[in-house]
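Engineer: Listed here are the chains, written in short residue letters.
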Amino acid sequence: MITACPVPQFDFDTINLGHGSGGTLTGQLLDAGVFKILGNPLLDKKHDGAIFNINGRVAMSTDTYVVSPIFFEGGNIGDLAINGTVNDLAMCGASAKYLTLGFVLEEGLKMTEFTDILLSIKAACDVAGVDIITGDTKVVERGKGDKIFINTTGIGHVHPKADIDSANIKPGDKIILSGPLARHGITIMSHRQGLQFETTISSDTRPLNKIVLQLLDGFGEHIHLLRDPTRGGLATVLNEIAKDCCMGIDIAQRDIPVEEEVYGACEMLGLDPLYVANEGLFVAIVEAKVADALLYELNDWEHGSMAAIIGEVTTEHPRQVVMKSNIGGRRVVNMLPGEQLPRIC
Amino acid sequence: MKYVSEFRSPEIVDALLKEIKQTLKGNWNIMEVCGGQTHSLVKNGILNMLPSNIQMVHGPGCPVCVTPVNLIDKAVHLATDHGVILCSYGDMIRVPGSGMSLLEAKSKGADVRILYSPLEAVEIAKQNPDRQVVFFAVGFETTAPANALSVIHAHRQGVKNYSVLTSHVLVPPAMEAIMSDTECRVDAFLGAGHVCAIMGMGEYYPIVEKYKIPIVVTGFEPVDLLEGILMAVKQLEKGEYKLENQYTRIVDATGNTNATDAIGEIFEITNREWRGIGEIALSGYGVKEKYSDYDAVRKFKIDIAESHEDLSCLSGDVMKGKIKPGQCPNFGTRCTPVAPLGAPMVSSEGACAAYYHFNMAAGFEQVV
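Residue numbers (my numbering), protein chains in the order written: chain C, 21 to 365; chain D, 1116 to 1483.
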């Protein structure tokens, strides 16, 4: 997909402070790179902002991407920044239409890397069906950033049948997970310096807007809540849901899909997959009567073969998530106080 | 996964639980020594599955928990005042010192790095010849071989800017200290499987004989733990005391001689202070004189104020098995994983954190 775009040619190899000055160098960077790759009628106006009409119920979301390393198996910070905001809107029941794109570049970033990121952004926009319509580029001194940070803000119409609200959750609702856990987080950790740990696991970064809209077409208001378990993983999202709706959540460990290789990596690294980050996954809390039909449809999706009903909402133990372990014991699945830290032994 | 999934089999777990119930007549307190075992017991919900007349008592085998606050202060001092690259295992960095934790030091600009292996620290030293690199070498007999090996590697490769800040502790002296306590209520031990994989089983016969107490060297998976408990219960019900090995797929009588040779080359047995417990004679490892250039305490001028910790923390009583975490008045109120008073609330191997994270359904109120 990346090679479908023309590879831009620059007169410079690395980003320097001049590229953020607003002068000629900034113009060269934007014209030969950003506008050439991402151009569309609204962006091509090169105005201070984009002007467009929008009516009806819309959703808006923003997120900032600081992942390190910036390139990893299955993606890079560019497609992550597009998919992440597209997915945040999808979790509102909305289909992203327009995105803004803000770069903070560190002096010294290689132009080849920046170009690859731009091409990935373009490819991800095409897959998700969104346009970048305005943006910003700043450059910071070497040592004051981590190669590249990206902010994206998205806006899109909410599906007419969507009624996504934690207030709609009721006892007996089923909890559906759209695929296997922990792929993105383990991919990133296996790349980090010093880990000396190689896997063939790749990030699950992908847009979720199309499958979510398809499910809303079929099941509308029976889908009570959608969340994507990114940072903090599934455990954190379920705890937030339990606290928001003041109900309990029961999950069963044996029903939670985790790929064998990911599970093995978690065991080796001393991490619990419940707390590891995901990027192309969602949790749906749905009316019990539609759960099987919705799962059936989800299983048909190209990334949904491992989707599963992992638990249900209960009036017992309000605000707590309780998991039945594989061997039949029960334990509370709590929020972590901070980043998950590997154990000593 | 082969060698894992069969030890998490619900059917075998059910069969073992049934046999434990059939065998059990008395009330027994069984201490699992190792924090990894505590973690597994609570993570798998095993504590709630056991009959009520077996009480699991959680031992001192959490390296993070027993590392004295003075050592953490020294690590923070090295990272902040000496500007060293301070490398550490992950869950050590959040443990509170007298002033701050390593995590807080990092946020204030200290170069603190989380590693999985001390050999990575030697590589960092080679890559940064103009910086001093210190590895915070904590842990039991399990981590000692790798830490020793890092010094051997550094010495062999002529890496002069590497040293270790050691706080190594040993399991058998801690078990003796627990048994010598007049308030001790432990009837049997589950021995720490991975420690025995390194050291073998020979050190435990004298403890069995001296205190007439069953010790079952036990693994970490649900089936391991329940089989270890069953073996201990069988001995207790028959009035026997023996050293037995449940973890035969990993542990043999002699241990790993390559590992013990590495330990013997670098370390010697010394007195050690245990956080929450106090000094135990001949209970840890220190760096031998021959390798003193690699001992951070001797290499750097460490000048810190006297260390202190919160006296209201009852972690010592928890680690000696005198009280359960929930019986501490600070549990879940003044002391949480976000703001821990003592180390057992930090590491997920620590009994307090394990109870907080996994076991609150068993009668503790949610703390928001």
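What the hints contain is simulated information worked out from the structure, not anything from laboratory work. Among these hints, one or two may not hold up.
Here are the computed lysine-lysine pairs in the DSS-like style, where the Cα-Cα straight-line distance is at most 30 angstroms [as the list claims (entries may be wrong)]:
id, chain 1, residue 1, chain 2, residue 2
1, D, 1275, C, 344
2, D, 1221, D, 1353
3, D, 1140, C, 344
4, D, 1353, D, 1136
5, D, 1327, D, 1136
6, D, 1349, D, 1439
7, D, 1357, D, 1158
8, D, 1327, D, 1349
9, C, 263, C, 344
10, D, 1275, D, 1221
11, D, 1158, C, 263
12, C, 344, D, 1223
13, D, 1221, C, 130
14, C, 164, D, 1241
15, C, 117, C, 230
16, D, 1439, C, 263
17, D, 1221, D, 1241
18, C, 164, C, 230
19, D, 1223, D, 1327
20, D, 1140, D, 1325
21, D, 1416, D, 1221
22, D, 1133, D, 1439
23, D, 1133, C, 344
24, C, 130, D, 1241
25, C, 158, D, 1221
26, C, 66, C, 117
27, C, 167, D, 1327
28, C, 344, D, 1357
29, C, 164, D, 1349
30, D, 1241, D, 1357
31, C, 167, D, 1353
32, C, 344, D, 1325
33, C, 66, C, 190
34, C, 164, D, 1223
35, C, 190, D, 1353
36, C, 181, C, 66
37, D, 1158, C, 167
38, D, 1158, D, 1416
39, C, 158, D, 1223
40, D, 1221, D, 1327
Engineer: None of the hints should be skipped; say for each whether it holds.
Structural biologist: Taking the hints in turn, this is what the structure says about them:
no., hint, result
1, D:1275 / C:344, "violated, 52 angstroms"
2, D:1221 / D:1353, "violated, 54 angstroms"
3, D:1140 / C:344, "holds, 28 angstroms"
4, D:1353 / D:1136, "holds, 15 angstroms"
5, D:1327 / D:1136, "holds, 24 angstroms"
6, D:1349 / D:1439, "holds, 25 angstroms"
7, D:1357 / D:1158, "holds, 29 angstroms"
8, D:1327 / D:1349, "holds, 15 angstroms"
9, C:263 / C:344, "holds, 19 angstroms"
10, D:1275 / D:1221, "holds, 24 angstroms"
11, D:1158 / C:263, "holds, 22 angstroms"
12, C:344 / D:1223, "violated, 41 angstroms"
13, D:1221 / C:130, "holds, 28 angstroms"
14, C:164 / D:1241, "holds, 25 angstroms"
15, C:117 / C:230, "holds, 12 angstroms"
16, D:1439 / C:263, "holds, 28 angstroms"
17, D:1221 / D:1241, "holds, 22 angstroms"
18, C:164 / C:230, "violated, 38 angstroms"
19, D:1223 / D:1327, "violated, 52 angstroms"
20, D:1140 / D:1325, "holds, 25 angstroms"
21, D:1416 / D:1221, "holds, 21 angstroms"
22, D:1133 / D:1439, "holds, 26 angstroms"
23, D:1133 / C:344, "holds, 19 angstroms"
24, C:130 / D:1241, "holds, 26 angstroms"
25, C:158 / D:1221, "holds, 27 angstroms"
26, C:66 / C:117, "holds, 19 angstroms"
27, C:167 / D:1327, "violated, 63 angstroms"
28, C:344 / D:1357, "violated, 35 angstroms"
29, C:164 / D:1349, "violated, 63 angstroms"
30, D:1241 / D:1357, "violated, 49 angstroms"
31, C:167 / D:1353, "violated, 67 angstroms"
32, C:344 / D:1325, "violated, 41 angstroms"
33, C:66 / C:190, "violated, 48 angstroms"
34, C:164 / D:1223, "holds, 15 angstroms"
35, C:190 / D:1353, "violated, 53 angstroms"
36, C:181 / C:66, "violated, 36 angstroms"
37, D:1158 / C:167, "violated, 39 angstroms"
38, D:1158 / D:1416, "violated, 43 angstroms"
39, C:158 / D:1223, "holds, 26 angstroms"
40, D:1221 / D:1327, "violated, 48 angstroms"
Taken one by one, the earlier hints fail for this structure at numbers 1, 2, 12, 18, 19, 27, 28, 29, 30, 31, 32, 33, 35, 36, 37, 38 and 40, listed in ascending order.
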